[in-house]
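2 protein chains.
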Amino acid sequence: MRFSRMVSKTLRDDPPDAETASHRLMLRAGLIHQVAAGVYSYLPMALRSLRKIENIIREEMDAAGGQELMMPALQPQELWDQTGRKEAFGDNMFSLNDRHGRKMVLAPTHEEVITNLVKANVQSYRDLPQILYQIQTKFRDEARPRAGLVRVREFDMKDAYSFNADEESLDESYQAMAQAYRNIFRRCGLPVLMAEADSGAIGGKDSHEFLLATNTGEDTVITCASCSYTANAEKAESTISELPSEPEATLEEVATPNIKTISALAKFLAVDESKTLKAVFYMSDGEPVFVTIRGDLDVNETKLKNALHSTDLRMADGDEARAAGLVAGSASAIGLEGIKKVVDSSVTNGNNFIAGANKPDTHFKGANYPRDFQADIVADIALAQPGQNCPRCGHTLESTKGIEVGHIFKLGTFFSEVLGADFLDSEGQQHPIIMGCYGIGVGRLLAAAVEQNNDENGIVFPAPVAPYQAHMVALNINNEEVAEAAEKLYKELEAAGIEALFDDREDAAAGVKFNDADLIGLPVRLVVSPRNLKDGKVEIKGRMDTEAGSVPLDGVVAAVQERLAASAE
Amino acid sequence: MRFSRMVSKTLRDDPPDAETASHRLMLRAGLIHQVAAGVYSYLPMALRSLRKIENIIREEMDAAGGQELMMPALQPQELWDQTGRKEAFGDNMFSLNDRHGRKMVLAPTHEEVITNLVKANVQSYRDLPQILYQIQTKFRDEARPRAGLVRVREFDMKDAYSFNADEESLDESYQAMAQAYRNIFRRCGLPVLMAEADSGAIGGKDSHEFLLATNTGEDTVITCASCSYTANAEKAESTISELPSEPEATLEEVATPNIKTISALAKFLAVDESKTLKAVFYMSDGEPVFVTIRGDLDVNETKLKNALHSTDLRMADGDEARAAGLVAGSASAIGLEGIKKVVDSSVTNGNNFIAGANKPDTHFKGANYPRDFQADIVADIALAQPGQNCPRCGHTLESTKGIEVGHIFKLGTFFSEVLGADFLDSEGQQHPIIMGCYGIGVGRLLAAAVEQNNDENGIVFPAPVAPYQAHMVALNINNEEVAEAAEKLYKELEAAGIEALFDDREDAAAGVKFNDADLIGLPVRLVVSPRNLKDGKVEIKGRMDTEAGSVPLDGVVAAVQERLAASAE
Chain A
1 MRFSRMVSKT
11 LRDDPPDAET
21 ASHRLMLRAG
31 LIHQVAAGVY
41 SYLPMALRSL
51 RKIENIIREE
61 MDAAGGQELM
71 MPALQPQELW
81 DQTGRKEAFG
91 DNMFSLNDRH
101 GRKMVLAPTH
111 EEVITNLVKA
121 NVQSYRDLPQ
131 ILYQIQTKFR
141 DEARPRAGLV
151 RVREFDMKDA
161 YSFNADEESL
171 DESYQAMAQA
181 YRNIFRRCGL
191 PVLMAEADSG
201 AIGGKDSHEF
211 LLATNTGEDT
221 VITCASCSYT
231 ANAEKAESTI
241 SELPSEPEAT
251 LEEVATPNIK
261 TISALAKFLA
271 VDESKTLKAV
281 FYMSDGEPVF
291 VTIRGDLDVN
301 ETKLKNALHS
311 TDLRMADGDE
321 ARAAGLVAGS
331 ASAIGLEGIK
341 KVVDSSVTNG
351 NNFIAGANKP
361 DTHFKGANYP
371 RDFQADIVAD
381 IALAQPGQNC
391 PRCGHTLEST
401 KGIEVGHIFK
411 LGTFFSEVLG
421 ADFLDSEGQQ
431 HPIIMGCYGI
441 GVGRLLAAAV
451 EQNNDENGIV
461 FPAPVAPYQA
471 HMVALNINNE
481 EVAEAAEKLY
491 KELEAAGIEA
501 LFDDREDAAA
511 GVKFNDADLI
521 GLPVRLVVSP
531 RNLKDGKVEI
541 KGRMDTEAGS
551 VPLDGVVAAV
561 QERLAASAE
Chain B
1001 MRFSRMVSKT
1011 LRDDPPDAET
1021 ASHRLMLRAG
1031 LIHQVAAGVY
1041 SYLPMALRSL
1051 RKIENIIREE
1061 MDAAGGQELM
1071 MPALQPQELW
1081 DQTGRKEAFG
1091 DNMFSLNDRH
1101 GRKMVLAPTH
1111 EEVITNLVKA
1121 NVQSYRDLPQ
1131 ILYQIQTKFR
1141 DEARPRAGLV
1151 RVREFDMKDA
1161 YSFNADEESL
1171 DESYQAMAQA
1181 YRNIFRRCGL
1191 PVLMAEADSG
1201 AIGGKDSHEF
1211 LLATNTGEDT
1221 VITCASCSYT
1231 ANAEKAESTI
1241 SELPSEPEAT
1251 LEEVATPNIK
1261 TISALAKFLA
1271 VDESKTLKAV
1281 FYMSDGEPVF
1291 VTIRGDLDVN
1301 ETKLKNALHS
1311 TDLRMADGDE
1321 ARAAGLVAGS
1331 ASAIGLEGIK
1341 KVVDSSVTNG
1351 NNFIAGANKP
1361 DTHFKGANYP
1371 RDFQADIVAD
1381 IALAQPGQNC
1391 PRCGHTLEST
1401 KGIEVGHIFK
1411 LGTFFSEVLG
1421 ADFLDSEGQQ
1431 HPIIMGCYGI
1441 GVGRLLAAAV
1451 EQNNDENGIV
1461 FPAPVAPYQA
1471 HMVALNINNE
1481 EVAEAAEKLY
1491 KELEAAGIEA
1501 LFDDREDAAA
1511 GVKFNDADLI
1521 GLPVRLVVSP
1531 RNLKDGKVEI
1541 KGRMDTEAGS
1551 VPLDGVVAAV
1561 QERLAASAE
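In the order they appear, the protein sequences are chains A and B. Each residue of the first sequence is one higher than the one before, counting from 1 in the working numbering. Each residue of the second sequence is one higher than the one before, counting from 1001 in the working numbering.
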């Protein structure tokens, strides 16, 4: 591609309102153009990268036995009412009326439609298993689109669905997809973390997320460097310090004037925070819930939601707390009646805690479970944190920020039961088909790749997803010798199958061309200049090389191929 | 692909409500699955065909200098209000509110968004010309979706847009696109008609449609076998029989009791229909319009709409006619006042017509234009019809039904003026960019290919767009020898790059397999059976061959390649 013919322009300055590196750099390099909040056009270079990602995905899905199809975005709302997901998605789903007043939605995912499709085509266990996938445009009315292509309202996604006759077969499909995902990210040149993830309310058993580590990621992953335990913070378990067992002391009040926080309490009474009990008050589907957890721990709301089988969980507000008779700063489960009580497992392993006395400026010493207070539910609802210990091997846990780029999920029979997608087994018995679903956000993966791979001068594209492989800069292109050599080299690169971006601009200074090359960030930069041509040479430099080298004109193609091969390893 | 693993099933019986061949056959062959009225999933075989069409389109667009990008479907309504096209599309456009109450639309085409994109990237004549294209999903809320993929509400389209500095450059882009379109349809194995088309209200100069001839097509094309003049019926011109010139007779009334139609009038007065004047009454943007045309001709409403610069044209109803003082069956422009009058050019070339006398059961003889009536507009508003003469060479015209699969259009500066997409010429003068647009309905092209290529047994896929190239039927696959030979052959075909569908079903009878092969309609059918294997042979048959031949096992790949090469010529 000749730079002078390319429709997109690079921007010299950072665009306003672009906070993350990928958003800023993708705008500046001319990869994307905003149409509305969270809605973008992909300019030619971005589309080239997306196609490369899509082709890798397609090859790996096909190799894993997937069949590609394509389902529509426009769907009858009725179908989503049947599964209750119109309500579950709520404002996140775009909905509209057609000209005849029929309610339609724009699909954020395709479980309903594919289940119906499979229902119409699968009758017998002989028709199973099936893995079906598409690479298609999805819609999601995000409350706060952000970070360029990371969180958008219209996006490209690869979504796959498996249909199996039994759990063993589901496991096989799930493992095949997990391996395909590992292959895809590896082939894209993008190292990912595969983290255990929460499987949510729908009731699947297993779920894993694939995340690209970046500082601006919205997700937190807990990792163990020793045994490679990796889990999303929502799902992660950890082993916490066990407190030494003590004889149970008597429960007695202490005055704690103006003490409202755990840290102030621990300091005031000169105890470790782990010897205090923290009270947190929630509303779960409209019902108040009182949670007790050790003072040094935090509540993992996903775990709490699962423990409560709640669909809508949130912290209670001050009015709701007062209405339940709670004393701010001094609440505890001791003597508290008429309210659902949840206790984190941590509380069952220690004694003689400091707890609120349910009256102002007063706490109890010597609080013991279950002697002094009881629970409707005891469960692990603690947020795993770096510094705690790995539940598998005991090593100290670490945490990393990341962007979720893939998710695999055992769905079970929720959709097939609601929509009646059954099969007959070898004995003629009818069963609901067991399902799994497997997604990769294609546009988000591109953004995450840029977010993970950049420096102060621009993007550093991993070679397999770079829009072009080589960036050929011709300096003083009005010089006939340069023009001729550059044209010849451009043709040689093309003939060798090397995708080249040829900066043939007559009106751009050398500095501008070098800055654009760094901004766009293709793997190899070539410079054809009068000075180098004198020695019959061309300058060659990898995007992250600190120094440029030079190669004879007739060795450029081989040198580029060598560098690309090296970067693919 | 193994037939036994394929998710789609063939249907033995015709589905209800599928009236056209392509709709019926694409459902029966397992190519598509309906989700809502005019909304379909593409099953794997259809998607394979679509991808082949898309790849051909992409190659030809790239070869013609096009740059591929991708624009979103979701767009702010505001943008469409700016160009007035929200109102122009009316109910045909899907619209919705997002969660913040902002009005959005689902784009049926992308002139607004691409003009803004180009506005942000093109400043100078040096940045022009540009041809930009995408292959993307579009939405259109059709009042009556029909014929499977022919008229749908969500569809894949290739849309290209050219941006030029002057008319000459626009001509070059337009011709490049026209040639690319010819190449695309030829390479798809689909003969098309390229017809002059109406360029509508937006004010472009040239417009051509590409149509596949089929009896169920909604469009009519007028063709000349002699000089190859080809035009859509809406646009077509024709030379009509000139009437012999006569001295102007006196205008006099004749009684025409109960005569209400042209044919009855001509018969009653024993004259040719061409000697009568037909009156047609329209409402144009709310204003009544009285049209006079020769009795043997019909009004072309597109031409009339253009002559009136009307945006909303329809026949007037009885009440509107009575309100204007018209006498049903005896209306004419003679003596009619206070109403806009349009006269077809045909009326200016004859004399002594029979015309209505504007009172019941009475007509005039000897009506002459402009002696007896005048016009606000005189224009060619007649519908060209087979049997009339070619405007270029005079040969007799013919007509053909077809499905429109492509449209190219010189847009001019409408969008660039409204949206402010200007460029600076070499002298620093600012001008609006001149635009063209170029569309191909990808899914519709597939449906039209099936509509044009089928017989009573099923689809007859043109080889370049067939989902697979060879359909290999294994008979008695439980026979070990057959299974072994078929597996070996399947691998050989794959290794040779021949895409094969391998009917490996154990539980399907020979007749079922043959019927499915005819229904799906791949170019070459191979049969591996115990009988043929005895002679070391495989049966080979083209989809339209009446008799099957046979080839030695080791010659199958070459024989298939030979047949495919022959069908590509």
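These are computed hints drawn from the structure, not numbers from a lab. Because the structure is a prediction, the values reported are computed rather than measured. Just so you know, even glycine gets a beta-carbon here, dropped at the ideal spot from N, CA and C. Incorrect hints may appear among the rest.
If we take Cβ atoms under 10 Å as the criterion, some of the chain B residues that face chain A in the derived model are [said to hold, decoys possible]:
| no. | residue |
| --- | --- |
| 1 | SER1004 |
| 2 | VAL1039 |
| 3 | LEU1043 |
| 4 | ALA1063 |
| 5 | GLN1067 |
| 6 | GLU1142 |
| 7 | ARG1146 |
| 8 | ARG1153 |
| 9 | PHE1163 |
| 10 | GLN1385 |
| 11 | ASN1389 |
| 12 | HIS1407 |
Taking the hints in turn, this is what the structure says about them:
| no. | hint | in the structure |
| --- | --- | --- |
| 1 | SER1004 | holds, 8 Å |
| 2 | VAL1039 | holds, 5 Å |
| 3 | LEU1043 | holds, 5 Å |
| 4 | ALA1063 | violated, 14 Å |
| 5 | GLN1067 | holds, 5 Å |
| 6 | GLU1142 | holds, 9 Å |
| 7 | ARG1146 | violated, 15 Å |
| 8 | ARG1153 | holds, 6 Å |
| 9 | PHE1163 | holds, 9 Å |
| 10 | GLN1385 | violated, 34 Å |
| 11 | ASN1389 | violated, 42 Å |
| 12 | HIS1407 | violated, 22 Å |
Hints 4, 7, 10, 11, 12, counting from the list given before, are not met by this structure.
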